[in-house]
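Undergrad: Okay, here's what each chain looks like letter by letter:
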Amino acid sequence: QKEVEQNSGPLSVPEGAIASLNCTYSDRGSQSFFWYRQYSGKSPELIMFIYSNGDKEDGRFTAQLNKASQYVSLLIRDSQPSDSATYLCAPGSGYALNFGKGTSLLVTP
Amino acid sequence: GAVVSQHPSWVICKSGTSVKIECRSLDFQATTMFWYRQFPKQSLMLMATSNEGSKATYEQGVEKDKFLINHASLTLSTLTVTSAHPEDSSFYICSAHREGETQYFGPGTRLLVL
Chain A
23 QKEVEQNSGP LSVPEGAIAS LNCTYSDRGS QSFFWYRQYS GKSPELIMFI YSNGDKEDGR
83 FTAQLNKASQ YVSLLIRDSQ PSDSATYLCA PGSGYALNFG KGTSLLVTP
Chain B
763 GAVVSQHPSW VICKSGTSVK IECRSLDFQA TTMFWYRQFP KQSLMLMATS NEGSKATYEQ
823 GVEKDKFLIN HASLTLSTLT VTSAHPEDSS FYICSAHREG ETQYFGPGTR LLVL
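Chains as they are written, first to last, in our numbering: chain A, 23 to 131; chain B, 763 to 876.
Excised from the complex, chain B in its bound form (with noise of 0.2 Å):
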């Protein structure tokens, strides 16, 4: 159990344009789903936690105008890269919390803009 998918595994785009990244839990509801970034070789950054029904809170320094989060059900949480650039480009994680466990991690989007 705790199976945490995300779609897709990877994006090329170009710059200007919008990317929308899925983020489900399999097996379990999740009220709770976070969406990380990670450059290459560098540590797990949270951007946003995001709650089912609700807004997402964001972290310092994240645009929550160009990272839309929505968490419209108990298995799906979605990041919507807004206008996209090449400084975008990284790879993003999604966990999704399983009530009385932990974080159990989705395998990740690549995204490259262009």
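If we strip away everything but chain A, and leave its shape as in the complex, we get (with noise of 0.2 Å):
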């Protein structure tokens, strides 16, 4: 079974706080690591993708993945009310996917 964890939520932070999403993930032979953002009744969106240990950082947004410990983190700088979302962790290898059950954050004005 290849799980993906993440809390569930909702995250609140006030608006211009740093958002922290946290995703831990069971299948080692992960290559690829993205996440999604799905507003309420949308479909999701690609945000961010990271591949290699580190951070990738994107305008306002860091991704950090760490294959030793199996996690994989985004960080939303400077948050907006608009970054209020469900965030999906999503671990893959070639084109399949393992969706996490999201994260719902909750940027207070």
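What the hints contain is simulated information worked out from the structure, not anything from laboratory work. Treat the hints with care, since some could be wrong.
[To be verified] So the derived label-pair ranges between C-beta atoms look like this:
hint : chain 1 : residue 1 : chain 2 : residue 2 : range
1    : B       : Val765    : A       : Tyr73     : 22 to 28 Å
2    : B       : Ile774    : A       : Ser62     : 19 to 25 Å
3    : B       : Gln804    : A       : Leu128    : 36 to 42 Å
4    : B       : Cys775    : A       : Asp77     : 47 to 53 Å
5    : A       : Gly81     : B       : Gln804    : 26 to 32 Å
6    : B       : Ser767    : A       : Ser62     : 18 to 24 Å
7    : A       : Lys89     : B       : Gly862    : 19 to 25 Å
8    : B       : Ser816    : A       : Glu37     : 27 to 33 Å
9    : B       : Gln822    : A       : Pro131    : 29 to 35 Å
10   : B       : Val765    : A       : Glu79     : 21 to 27 Å
11   : A       : Ser62     : B       : Glu814    : 31 to 37 Å
12   : A       : Lys89     : B       : Gln822    : 39 to 45 Å
By construction, the Cβ of each residue, glycine as well, lies at the ideal position given by its N, Cα and C atoms.
If you follow the hints, you should be able to join the two separate chains into one complex; please do so.
TA: So this is what it looks like as structure tokens:
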């Protein structure tokens, strides 16, 4: 069973703060790691991916990967109310992705 | 790039009828497409993996005779919900795998079976 664990939340952060979303996975064969954002009533959209250990920054988003610990995280700096959504962690191998249940983030004004 | 469309965006049908949902990759070819289902406030559930020119691979618990999948071309996969019942009412989302990248999702189709 390829499990992906995420805290369901909701994670509530004030506007302007850093939101930290965490994910652990069981499949050591996972080679690539994706973060998707899903607004209520909408389909998921890709926001970040990371392949190598360490940090990867893209604008206000930073993905962090530690394969030894089987841990991947997403940091959102200067959080905005528009960042309020569910964030899905998706480790993958080849074309297959294993989705976590997602963490609900609420950014309060 | 990496645009995936779905049609229709929503559909209401009577119990016992069949409903076809189309998923198209508009600006890339997709050998592999996926069909997911999501109930309100639930997580994304993979139903099946659709491979162009071959039979789909269904996840455990998904009835292949009820959810017919056809992937006739590199840009089109269809999901037909046969003899739909109210419990099939859900948000159906497809995704297409872009080679060398990842899955890109369509906007989803809301199905309501009365």
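Undergrad: Would you pick out the hints that fail for this structure and give their numbers low to high?
TA: 3, 8, 9, 12
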